[in-house]
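Two chains, each in its own frame: build the complex with the hints.
Residue numbers (numbering that gives the first Met the number 0), protein chains in the order written: chain A, 0 to 221; chain B, 0 to 97.
Hint data in this document are derived by calculation from the structure and do not stem from the laboratory. In this text, all values refer to a predicted model and were calculated from it rather than measured experimentally. Glycine included, C-beta positions come from ideal geometry on N, C-alpha and C. Among these hints, one or two may not hold up.
[Unchecked claim] Going by beta-carbon spacing under 10 Å, a handful of chain A positions derived as facing chain B:
{"id": "1", "residue": "2"}
{"id": "2", "residue": "3"}
{"id": "3", "residue": "5"}
{"id": "4", "residue": "6"}
{"id": "5", "residue": "9"}
{"id": "6", "residue": "13"}
{"id": "7", "residue": "14"}
{"id": "8", "residue": "18"}
{"id": "9", "residue": "19"}
{"id": "10", "residue": "20"}
{"id": "11", "residue": "22"}
{"id": "12", "residue": "87"}
{"id": "13", "residue": "89"}
{"id": "14", "residue": "93"}
{"id": "15", "residue": "203"}
{"id": "16", "residue": "204"}
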Amino acid sequence: MTDSDSASRQLRVIRSLMERATIYRSISAPTALVGGLLSLGGFATAYYAKHHRDHPLSPAEFLIVWLVILALTCFTNVVFLSRGAARRSEFFFSAGMKCALLSVTPAFFSAAVMTPLLMHRPIQLALLWITLYGIGLLATQHFAPRSLVILGLTFFLTGCGLLVTWKHFFMPNPHVEPSALVVSGIMAATFGGFHLAYAAAVWALGEEREEPVPSTTGTENV
Amino acid sequence: MFDFDRLDKLIHEKGRLAIMTLLAARPNWPFQDLKAELKMSDGNLVTHLRALHQAGYVAYRKEILVRPQTRYELTVRGRKAFEYYLRALGEMVRSAKG
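Here chain B stands alone, though its shape is the one from the complex (with noise of 0.2 Å):
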């Protein structure tokens, strides 16, 4: 029996897991292709991110190269809780299979 315990409710949600996924996937993202890629709000975006550096997932700088523009990246720990969601993702599906 599969425990739903293991699964962090902090990246179950849609938006968040849809965030941590393409922050998995490159170095860093800046806020703007964040935006475009998931087709989010400013004020949704934000809000999700910032649970999501609270939980210390998520780590942010600011940088100025042609314009202002703030970049973000799993941290460690968010990496590892990522990889850990998506194993008992995994282990919920092989579990109903068999």
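So here's chain A without its partners, still in its complex pose (with noise of 0.2 Å):
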């Protein structure tokens, strides 16, 4: 083997051991406190519309404020994965990003356009909603933080035995669909209490540390 095949070699184990070793967090944890505080509110707002209105919230109106916390919780996501490139001197579309978008796509996709035929009910679509949403986060899994892998298993399991339940629990008469403010509630415990212990974690954790260590004297362990 000559010595440029030896670099060649060398260049390869090195771009597949970098690959296997890169960390993209989808997900930053202040988005994920954005978004968990914004679900509460969604929950509050379906609480507003039932006990200081005249009528509870609408299957529509339940979609618009639920579509409306989704937007704002992605724009946060895009201020803070913007700021973290540009702190870590990589471009917004990283290699991590563009795997990132194409893991999600099918799952996120698929809720995209399950949502309008499933608009008129609520509880169907929170349901489909939880459970993709951590399909979609686990399809991440080869190259996300440990955090973000148990946060999608959490949605995952929480969706399918939900799923399975739901009925049991929120619809004692059978002909009648859970009201918006008890979907609200499960959005709220979801989307919302599983982003705020998520966030909490990763902060008490130190995942999202990315200063530099200073430099040690010692040998010890070393």
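Below, the structure written as structure tokens:
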């Protein structure tokens, strides 16, 4: 083998190792915090409509409220991800970002397609969103940090569990759909509660810490 | 003609190159994760990390979260050395092709 072949092989090994080791966090902790709080706001809106307005949220209003929350959260995520990319001197559409987008697209596209079909059935819509969101996050598991994989798994298992059991929990009368307030409560507990827990875990574990570590002089354990 | 002296001999060793590559890919690595990823023994990994640390390429810090652990990361000097090494390898390939 020539030196050039050896160098090429060395470069391929380096590339493959780096690709395997690169971690991309597609949801930053600040975004999760904002999204979680907005989700609680969505529940507060449903609560206000039911108790302080003459009628509760209609299915169309429910959809609008949660689409607005989604839009605001996505905007927040773009802001924080672009700041993070700038801090690391990377392009916003980095290789990690492209991989993440490609991974989540099938699940998120399915959710987008199913939403108009189920817009008059908020409970089914919510459970579909929860499950597909979990599947989308799990699709990034090969390069996502552990906390994000756990978040995806939690959404996925909760969505699947509720898809099987929701009639027992939320529909004592089989002919009556759960109210927008109940469905908003499920959304707030999952998209709100889970994201707030994720943000807290990321900060508590220091997973987003990226500041340079000061060089140490000892050699203990080195 | 490529000057082979431009290749950093410390980084060029297979095990240390793998360590430098992983450290270049993430802000920092816990010792146990490095060990699992590289499938190296404790002693082997510690020896390589010590050599890289003594060259000023790798820094570490000890912390206690759930349990005590040591995290490693590239120093500025280590990152520059790694980038220089990659450039040198690239030039070696290019010079052979053309």
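For this session: Mind checking the CB of residue 93 of chain A against every CB in chain B and telling me if the closest is under 10 Å?
Result: 13 Å, violated
For this session: Under 10 Å, Cβ to Cβ, is where residue 18 of chain A needs to be relative to chain B, so tell me if that hint holds or is violated.
Result: Holds - the Cβ of residue 18 of chain A comes within 10 Å of chain B, reaching about 8 Å at its closest.
Problem set entry | Per-residue hint verdict: residue 14 of chain A, partner chain B, C-beta under 10 Å | 9 Å, holds
For this session: Identify whether the interface hint at residue 203 of chain A stands, where standing means a beta carbon of chain B within less than 10 Å of its own.
Result: 8 Å, holds
Problem set entry | Hint validity - residue 13 of chain A Cβ closer than 10 Å to any chain B Cβ | With a closest approach of 5 Å, the residue 13 of chain A hint holds.
Exercise. Can the hint on residue 2 of chain A be confirmed by a CB-to-CB distance to chain B that is less than 10 Å?
Worked result: OK, holds: residue 2 of chain A within 10 Å of chain B, min 6 Å.
Exercise. Was the hint right that residue 22 of chain A lines chain B, CB cutoff 10 Å?
Worked result: Interface hint status for residue 22 of chain A: holds (6 Å vs cutoff 10 Å).
Exercise. Does the CB of residue 5 of chain A sit less than 10 Å away from some CB of chain B?
Worked result: 9 Å, holds
Problem set entry | residue 3 of chain A as chain B interface residue, shortest Cβ-Cβ below 10 Å | 3 Å, holds
Exercise. Close enough to count: is the Cβ of residue 6 of chain A nearer than 10 Å to one in chain B?
Worked result: Result: holds, 4 Å to nearest chain B Cβ.
Exercise. Regarding the hint that residue 9 of chain A lies at the interface with chain B, is the smallest CB-CB distance below 10 Å?
Worked result: Given a least distance of 6 Å, the restraint on residue 9 of chain A holds.
Exercise. Taking the closest Cβ pair, is residue 20 of chain A under 10 Å from chain B?
Worked result: Cβ of residue 20 of chain A sits 4 Å from chain B, so the hint holds.
Hints 13 and 14 from the earlier list are contradicted by this structure; the remaining hints agree with it.
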